[in-house]
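Now for the letters of each chain:
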Amino acid sequence: MEEMKDVILEYVIEEYLEDEDEEITYDTPLISGGIVDSFSMVSLKRFLEAKYKISIPDEKASPEAFDSVNKITELVKEFVG
Amino acid sequence: MSHIGSYEERIKNFDWSISEKELGYKDGDVLNIGWYCSDRICEMGKADKLALIWEGLGGVEKKYTFDEVRINSNKIGAFLRSLGIKKEDRVCLFMDKIPELYIGFLGVLKIGAIAQPLFSAFGDESLHVRLDNAETTAIITQRKHVGKVRKLIEKSPYLKHVIIVDHDGKKPLKERELTFDMETYKEPKDFEILPTKAESSSVLHYTSGTTGQPKGVKHVHYSLISQYLTTKWVLDLQEDDIYWCTADPGWVTGTSYGIIGPWSMGITQCVLDTGFSASSWYNFIQKHKITMWYSAPTAIRSLMKAGDDVIKEYDLSSLRHLASVGEPLNAEAVIWSGKVFGHEFLDTYWQTETGSMMLTNFPGMKIKPGSMGKPFPGITATILDSKTFEPITEIGKIGLIGFKPGWPAMMRTYWNNEVTYKSKFKNGWYLPGDRSTIDKDGYFWFVGRDDDVINTGGHLVSPFEVESALLEHEAIAESAVVAKPDEVNMEVVKAFVTLNTGYKIDDMLELNIMNFIRKKLSPLAMPQEIEYVKSLPKTRSGKIMRRLLHAKEWGEDIGDTSGLDDDE
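Sequence lines, in order, name chains A and L. Each number in our numbering corresponds to the 1-based position in the first sequence with 11 added. Each number in our numbering corresponds to the 1-based position in the second sequence with 1 added.
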C-alpha cells in the first residue's frame with residue numbers, strides 16, 4: 012500500500028509538477044489545486060492502468076477521485092486483484 | 002431592466018458612437034485601454050471600489066481597488082520602461098491567473114507596448130513558436146514556469162528580458178533574468194501613460210489554423226468600443242454586480258471579457274486561480290456572492306456531469322445572469338442550467354479574430370436552446386454559399402458564416418502574415434471558418450468548422466502542429482491528427498500513427514507519446530487516444546487524407562475517395 016502511494020506520488024512529481032521547489036504530499040489537491048488539469052488526467056489514468064494492469068472505467072475517473080495521491084490510491088486498490 | 006432593453010429598437014437605432022459617447026471618446030482622441038480600465042474609473046469617483054477579488058489555492062485571497070489597479074499597473078509600466086521597452090515592443094504575459102497577469106496587462110498597454118498573453122500550460126515548443134513569430138522583447142512569468150523559458154532562451158536572441166514576479170531568492174537568476182515585485186516596487190511619480198490612438202496596437206493573441214504555425218491576431222486600442230458595449234448589453238453588468246469570467250487571459254475571452262470589458266465599466270470581478278472541481282466552483286460563487294457568471298460549455302457540461310446533488314449544498318441565489326462562450330452550447334446544457342440555477346446560460350459566438358461578441362443571446366430575448374442567437378447590433382451577419390460566397394437566402398440551408406467588416410474590435414492583421422489575413426475575406430465578407438444555418442426567426446445555429454481545426458474545451462488546436470510534434474518522437478514514422486467526439490469537451494485530439502522499425506505497441510509507449518506532446522505543446526494538444534496503423538491514407542501525390550480519418554471518427558460518409566492511393 013505504502014509502495015503504491017509512493018510510486019504514484021513520485022510519478023506526479025516527475026510528470027506534472029512544474030515548480031521544482033513546490034512540495035506535495037499524499038493529500039495535496041491535484042485537480043482542484045491546478046497541478047493536474049482535466050486533459051492531463053487522461054495521461055495519469057493511462058499510467059495507472061499500464062502500471063497496475065487494470066482498467067478504470069471513465070465514470071470512476073472523476074476529478075474528485077483523482078484529487079490527491081491518497082484518493083487515487085484508494086481508487087486503484089478497488090481494481091487491483 | 003436590462004441595459005439593452007429592446008433588441009429590435011437597438012438594431013434600428015444603432016451606431017457605434019453610442020459606445021464612444023458613453024466612454025467620452027471622440028474621433029482622434031487619445032485612446033489607451035490601460036487608462037480606460039483604471040485611471041478613468043478612479044476619476045469617475047470609484048477609486049476605492051474593489052476591482053479584483055482574487056482567490057488562490059487554499060482559499061488565499063487578495064483584493065485590489067481600482068486605485069490599486071491604477072497604481073500597480075503604473076508600477077509595471079514604469080518598470081518595463083526602465084528596461085527600455087517602448088511602443089510596439091511585444092511583452093509576453095506567461096502566468097497563471099494571478100493578479101500580476103491582470104494588472105500587468107494594463108501596465109503593458111499603458112506604455113504603448115503590445116501585450117502578448119500566452120496560456121501558462123503551454124509547453125516550451127508552443128511557447129517558443131509564438132515568441133519567435135512575434136520576436137518578443139520581454140516575458141513576464143512566474144518561478145514555476147521559468148524552466149520552460151530557460152529551455153528556449155538560447156535560441157531566442159530577441160528575448161532580452163525574462164521577468165520573474167515571485168522570485169524568492171533561493172536560487173540564482175540566470176542570464177537575462179530579473180525580478181519584479183509588484184507589492185514592494187516603488188510607486189512611480191508622474192508616470193505618464195503613452196498617448197496611444199485608436200489604431201495603435203494593443204494585444205497579440207495567438208490562434209491555431211489547419212496548416213502552418215499559429216497566427217498572431219493583432220488588435221488595436223479601438224477594440225475597447227466593441228468590448229465595452231457588448232459587455233454592457235450582453236453580459237448586462239450593473240454597478241453592484243460581482244462578475245466572474247472563468248476564462249484564462251491566455252485566451253481572448255480572458256482579456257476581452259476578463260479584463261477590458263468589466264474594468265472599463267468599473268465592475269468588481271472575481272478570479273479563481275485553482276483547478277476545476279464542481280464543489281470549489283459552487284463554493285466560490287457562494288462565498289463571493291457572484292451575480293454574473295461567464296463560462297464555457299466544457300465547464301458547464303462538467304458541472305452537469307458532477308450531478309445536481311452537489312448544487313444543493315450551496316447557496317447560489319446570488320446568481321442573476323449567466324452566459325457561455327468557446328464552443329456551441331448544447332440545448333441540454335441550456336435547459337439544465339435553467340432548471341438548477343434558475344437562469345439559462347446564454348450562448349455567445351465570437352472568436353479571437355473578431356475580438357468581441359458577434360452572435361449572441363440577449364437578456365430578455367426569447368431563447369432557443371442550442372442556438373447561437375442573433376447578431377449584436379451593428380454586426381451584419383449572413384450565411385454564404387461555400388463556392389460563390391454569395392449570401393444564401395434559403396431558410397435552414399447550411400453555409401459559411403460571414404460578417405461585414407467594420408466593427409471596432411476586428412483584428413487588424415495576422416502578425417507577419419498579411420497573406421493569410423487577406424485570405425479570410427471573400428466577396429466583401431469576413432469568414433470566421435464556421436458553418437451554420439439561419440432559421441425563419443433569424444437565429445443562427447452552429448453546424449461545424451469549415452476546416453480541420455480541433456475545438457477542444459473551447460480552445461483551437463492545430464492538427465498540423467500536433468502532427469509535426471509527433472514526428473519528433475523517436476518511435477513515430479508518420480502521423481495524422483483529427484478531432485474525436487467527446488461528451489464534455491465537444492472534441493478531443495486523436496492521433497493515428499505509424500511506428501518506426503524496432504518499436505512495439507504497448508501501453509507505456511502510448512503514455513510516453515502522450516506525455517511527450519503534453520510537455521512539448523500543451524495538455525490540450527495531447528492526444529487523448531492514439532491509434533496505431535500500418536499506413537495512413539494518402540493521395541497519389543503523398544498528402545495524408547485527414548478527411549477520411551475524420552469521417553471515420555464521426556461516423557460520416559467518407560465522400561469521394563478517387564484520389565486515394567492506399568486504403569489500408
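A hint or two may mislead.
Taking lysine-lysine and the BS3-like style, the derived pairs with C-alpha atoms no more than 25 angstroms apart in a straight line are [claimed, not checked]:
#1 L/187 <-> L/152
#2 L/441 <-> L/27
#3 L/306 <-> A/71
#4 L/171 <-> L/313
#5 L/405 <-> L/441
#6 A/82 <-> L/505
#7 L/388 <-> L/369
#8 L/441 <-> A/56
#9 L/152 <-> A/62
#10 A/62 <-> L/505
#11 L/190 <-> L/171
#12 L/87 <-> L/171
#13 L/87 <-> L/172
#14 A/82 <-> L/27
#15 A/16 <-> L/198
#16 L/313 <-> A/71
#17 A/64 <-> L/505
Keep in mind that the hints were calculated from the coordinates and are not lab data.
Original post:
When the hints from earlier in the document are held up against this structure, which numbers fail?
Top reply: When the structure is compared with the hints, numbers 1, 2, 4, 6, 7, 8, 9, 11, 12, 13, 14 and 15 turn out to be violated.
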